[in-house]
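Position chain B against the provided structure of chain A, taking the given hints into account.
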Amino acid sequence: MAQVTTAERKSIFSLFNLIALIVLGVGVYITYLRFTGGLAAVTNLSDYNPWGIWISFDLLCGVALAAGGYVTSSAVYLFGMKKYHSAVRPAILTGFLGYALVFLAINYDVGRPWRLPYPLVVQQGTTSVLFEVGLCVATYLTVLFIEFSPAAMEWLGLKRARSLVVKLTILLTIFGVVLSTMHQSSLGALFLIAPSKLHPLWYSPYIPIYFFVTSIIAGLSMVIFESTLSHRFFAYKMDGTHLQEANGVTLGFGKAASYVLAGYFAIKVLGISAENQWHYLSTGYGTWYLVELLGFVALPSILYAIGVRTKSLNLIKFTSVLAVLGVILNRFNVCLVAFNWHLPSSERYFPHWMEIGLSVFIVMIGLLLYRFIVTRMPILYEHPDYKDTH
Amino acid sequence: MDHVFYTLQDFMTYTESVTYLLVIATLVGMTLFWLFLTGGKHKD
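Top to bottom, those sequences are chains A and B. Residue numbers for the first sequence follow this note's numbering, beginning at 1 and rising by one. Residue numbers for the second sequence follow this note's numbering, beginning at 1 and rising by one.
In isolation and in its complexed conformation, chain A is listed as follows:
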């Protein structure tokens, strides 16, 4: 273990670090342009398309993929599935970083970011879904920070503060589930105002439910995916308990994801039926909808089930990538592809390279922060001073 650690420390000039340096450099440049030249300097956004990939990817995908925090903590602390306990801290960390980066990204996307606190202190707009989303995300980011803080406190040796926060675990988990249920679904509810803009196959009065259910799929799949990456790159940091429980986490979460995906598939079909939108399935958009529904919902559900039945961990890990891509595809379809679907192609939105560059920059910040925290704080192992106190 010590040798591996030394090797890790020597690898400061690795390929990953070089790429990270380039991405950070480009990101800082785009940041400078964005805050000196405005949105028009770095984006292809327009009055027709005011929401680009900074909303569809950084916000909608960011929030959905960060759902592993509330999914895992509620499974362990509310439903008593203690065998998944080792997955809680990595999932909470991923969730916390995900929401923190959503907050960072929204500062780029909002025309006047210094007005972000306005809904809290100037004008509430309590009938606005966006107000509810903003309030929930801000509150949940605070909850995630407090849920994550024991790991940082163990690292810093703040024993009294840690014992105080640990006593709040159940309360924080309940807050997390309530707030996540509200804002994950409300992100879908944002599109209820645009029935004439969103293609009928993606528009549905049930879209808040779709968004909430897909957040559970994203959360479960991200825990498996993130665990796979952690085992690949940070196995030397894991203790015996973590290594021992890892296969059980993969199988258990794979089983849950399979069943939730099956349920999601069913309610999507019922949604088409209730709105009688069958005839759209034979169009070009219908084909694309079927690609999403069959290739990224039904297929992962079946592959997860086969993986669980045959205890094929590799198949479950592969399927987690497919499921995560499916959620990303769904958010892109709702926010970009099927949005303004009736406009001529000349009026359609395609992101500027700097918009993509900034999204990559933000993901890179997340990866670097994750690596910084995981290599220092007790995330993938139990701190020796606090064993069996969770």
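Think of the hints as simulated: they come from the structure by calculation, not from any bench. Glycine residues also receive a C-beta, built at the ideal position from the N, C-alpha and C atoms. Do not rely on the hints blindly, as some may be mistaken.
Non-contacting residues of chain A with respect to chain B, defined by C-beta distances greater than 12 Å in every case (computed) [what the hints assert, rightly or not]:
| hint | residue |
| --- | --- |
| 1 | ASN107 |
| 2 | LEU243 |
| 3 | TYR386 |
Computed footprint of chain A on chain B; a stretch qualifies when at least three of its residues, placed anywhere within it, have a C-beta under 8 Å from a C-beta of chain A [claimed, not checked]:
| hint | region |
| --- | --- |
| 4 | 6-15 |
| 5 | 20-29 |
In silico lysine to any residue, SDA-like type, Cα no more than 25 Å apart, as pairs [to be verified]:
| hint | chain 1 | residue 1 | chain 2 | residue 2 |
| --- | --- | --- | --- | --- |
| 6 | A | LYS197 | B | LEU8 |
| 7 | A | LYS197 | B | THR15 |
| 8 | A | LYS83 | B | GLY39 |
| 9 | A | LYS317 | B | PHE33 |
| 10 | A | LYS317 | B | TRP34 |
| 11 | A | LYS83 | A | ALA235 |
| 12 | A | LYS317 | B | PHE36 |
| 13 | A | LYS311 | B | LEU8 |
| 14 | A | LYS82 | B | TRP34 |
Below, chain B without anything else, positioned relative to chain A:
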């Protein structure tokens, strides 16, 4: 599935009939899928 609807009643009767049938199929399908998911040669 292409149907000409002359009244809302006509529309609701048709769509809800299909949807109710699909709900029953879903309930049966989800039960069978659960049995498939929790089956297999190697139990926990």
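Comparing the hints with the structure gives:
1. ASN107: Since the minimum Cβ distance to chain B is about 43 Å, ASN107 of chain A lies beyond 12 Å and the statement holds.
2. LEU243: About 19 Å separates LEU243 of chain A from the closest Cβ of chain B, which puts it past 12 Å; holds.
3. TYR386: Holds, since 29 Å exceeds 12 Å.
4. 6-15: holds (count 3)
5. 20-29: holds (count 4)
6. A:LYS197 with B:LEU8: 24 Å, holds
7. A:LYS197 with B:THR15: 24 Å, holds
8. A:LYS83 with B:GLY39: 21 Å, holds
9. A:LYS317 with B:PHE33: It holds: about 21 Å lies between the C-alpha atoms, which stays within 25 Å.
10. A:LYS317 with B:TRP34: 21 Å, holds
11. A:LYS83 with A:ALA235: The given pair, whose Cα atoms are some 19 Å apart, holds under the 25 Å limit.
12. A:LYS317 with B:PHE36: 20 Å, holds
13. A:LYS311 with B:LEU8: Since the Cα atoms of LYS311 of chain A and LEU8 of chain B sit roughly 51 Å apart, the hinted pair is violated (cutoff 25 Å).
14. A:LYS82 with B:TRP34: 23 Å, holds
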